[in-house]
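> Based on the hints, put chain B in the right spot on chain A.
Letter by letter, the chains look like this.
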Amino acid sequence: MTQFIVFFFFYVILIYTLVVIGSYLFMLIASLIKVRKEHKLDKGIADKSSMEDAYTKPVSILVPAHNEEKGIIESIHSLLNLEYPQYEIIIINDGSTDETLQTVITHFDMQPRNRVIPKALQSETIHAVYESAIHPNVLVIDKDKGGKADALNAGINVSSYPYFCSIDGDSILDRTSLLRVMQPIITSNGDVIAAGGSVRIANGSDIQLGSVLKVGLSSIPLVMMQVIEYFRAFLMGRVALSEFNLVLIISGAFSVFSKSWVVRAGGYATGVVGEDMELVVRLHRFMRDNDVKKRIEFVPDPVCWTEAPETFGALRKQRRRWHQGLMESLWRHKKMTFNPKYGGVGTVSMPFFWVVEGLGPVVEFAGYMFIIWALLTGSVYIEFAVVLALLFVLYGSVFSMMSVLFISWNLDTYPKVSDVLKLTFLSLTEVFWYRPLSVIWRLEGMIRFIFKRSDWGHLDRKGLAKEEVPAK
Amino acid sequence: MTTIILIMSVGIGALLLILFGFVAYLSFKRIQQNREEEKVAHYMETYAKDWEDFLINGSNDGQFLVPKTKVAHRAVEKLLLTYKQNIYSENTEDAIYLFADKHLQDRYRKLLYSSKWSERVNTLYRIMDFRMESLLPDIRALLVSERALSRVEIVQMYKLLAFFEQEDVIGLMNDPEVPLHEHDIHGIIYVMNEELVQKCIQAKTDLTRPFTLALLDMVGQRRNTDYLFFLESYLESTDLEIRIRALKALYTIGFIYNKQIIIDSANSDHWEERLMAAKLIRIAGDDTFLPILRKLMEDTSWHVRREAAVTISKQQGGRDILEGIISSSKDPFAVDMATEMVERGSAS
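Those protein sequences? They're chains A and B, same order as listed. As numbered in the numbering used here, residues 1 to 472 make up the first sequence, in order. As numbered in the numbering used here, residues 1 to 348 make up the second sequence, in order.
One chain only, chain A, in its complex shape (with noise of 0.2 Å):
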């Protein structure tokens, strides 16, 4: 009986990582094909070309802040950088009990605004709205705390523009990153109704007054960490699932939306910790309900700078509210999964994220725990945990050092050598700390899930600037 279990244990385990690996090398595969296309295209002549289209439509940029004090303002500034012909900012202080308000007010000389905000979306009670004497095109508002979805809600209603692009309070965006993140809604004659960029990390760069100076990488190896885990992610799952229409993360902290179909949609839900996630697959199911046949894409180059957690504890926790927030889009949407009339959503994308993503922590330390039971009693299966083992090298550490290899050789991200040996080295170390600990994290948020609970979870920042910029 007994060999029947370890039997039946290992096969589960065996097979659920060949399925993960086989369809990881897939999405690999597709990936390289479309980067390794456009490595050496001059962006920036596509991007004069861009500019000068007198057609690109105006965006209203959103960026929810809730105690973001120390990273608000270079936000703006990188928001203010931004080379687009037409944009709004809208910063949404969501109930601060810090200084973000009065730090962004008194730096940009934001006047109280007597405006009439039509209520297509719900959201908690606005006290005011502000607009900078200085940048016309900055608003705030200043509203009840609600959350992040309820945030950019109200946002929503405010925003003049056809299209909205919500943006994390402590990121920083590329001077073109916009122009570029608009390139597959403007050129698909509104095919396309929402598309996110890729996220970087910014510890380490040389951040000053909103702008990337220098790319630098951080020494420390959690961040350097998640640097690699950025590229992965990047490689094996986004730009694959967007060639076929089947993404569902595009990332919160950087990604556009038309506004009339997010409106239709019913604007960002409330009470759930993905809003992010599930809006994108609510936008899906929405569109198949109504038969519309739109695309949500994701990016490769738009680039938005974010702070990454520099302590166990700030990615525990970041770490956990991201897996209790794909759980809670998985389970909202459950009627999607298998579901023909849902497409390659349906039946592609949804039982992917519930089985490789939804689930993987939990077969994943399963897999750990049979590994550290064979060893440790030296029985008769240490041969069975050996090929786990491997099989969790291969996918935890030689799929990550394959993704670093091939950004830093496609997109030139690190210039220096130096940084790129230190990525590709610490990346072959991930499955002996960094994946069994985050696997823990995932697994906690799977539990928070299940007993619902819920917070804004929010992070400390330390900013991202260099130097505090100096208040006006």
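Because the hints were derived from the structure by calculation, they are not lab data. No incorrect hints appear here.
Counterexamples of contact, computed for chain A against chain B with all Cβ distances above 10 Å:
(1) 12
(2) 27
(3) 97
(4) 109
(5) 145
(6) 205
(7) 261
(8) 285
(9) 295
(10) 347
Okay, the calculated beta carbon distance ranges per label pair:
(11) 162/A <-> 290/B: 25 to 31 Å
(12) 415/A <-> 145/B: 37 to 43 Å
(13) 145/A <-> 35/B: 50 to 56 Å
Computed from a predicted model, the values in this text were never measured in an experiment. Glycine is no exception: its CB is placed at the ideal position from the N, C-alpha and C atoms.
Coordinates of chain B only, in the frame set by chain A:
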């Protein structure tokens, strides 16, 4: 099981070896690339004065600046683009175009047939930047060749044809076999001269819908009152989007003489047309439209009310009119909107 472990270990080991080989190769390539960048920068620094003499002062014939190596080619290309973007002098521009046409032509011709998509696209952009009309036969040859061309390439080639005033581009843009998006057509019309735009207008009945929509937009952008009649001819269209685009273009031009258009649009069943009516009153310069604006202030659409309020606030005595609405209107939405505009006016 032992055999499987052995095979897997060897497999993963081999994979790692390959990857380490790859690491070495990439490090070598990266060092090489960084060195090349340094060489390009060095070239640009060394010859900066000579280029300035050639392009700005015209004090040398540029013969000795003709690039012979790959590094020199890259540096020269970078230099010429920088000059083109930053110096607005006809003589300098002419010198850039002449030099590029004479000394970069062969290289670009070769690159047009490159197996790498990104190199081909970059080249098409540069042909436009340096106005290398001499490569037009190659572009045409490519368009009719059996080669599989991407959309980006096709659009860029059509842009080149349009830029070099080739009339047949209108037919090509209208070709149902290569259906262009409206945005693509915007970009192509953007580079057309007035004469070619007139040719598009003459062909108006034969144009595809995206072409018509893009043409209406771009005609508006040119702000030429000669196009008013052309735009008005679309106001009877059964296609709502076409009517809205024509109204938008009229507003962009900033002139309207047929005031009936405003009345008709203000009575439309579609809020987008009523919104355009509120906007058009702004450019009509006629206060007889005040009753229409008052009616639009109580419109069912927030957008229409807002636009009407903006128009009133911009009129002479607009503040008094808005205050009148605040004190007399029974429509709370109209009152709110008027209040916002009054406060906005007093703040600015």
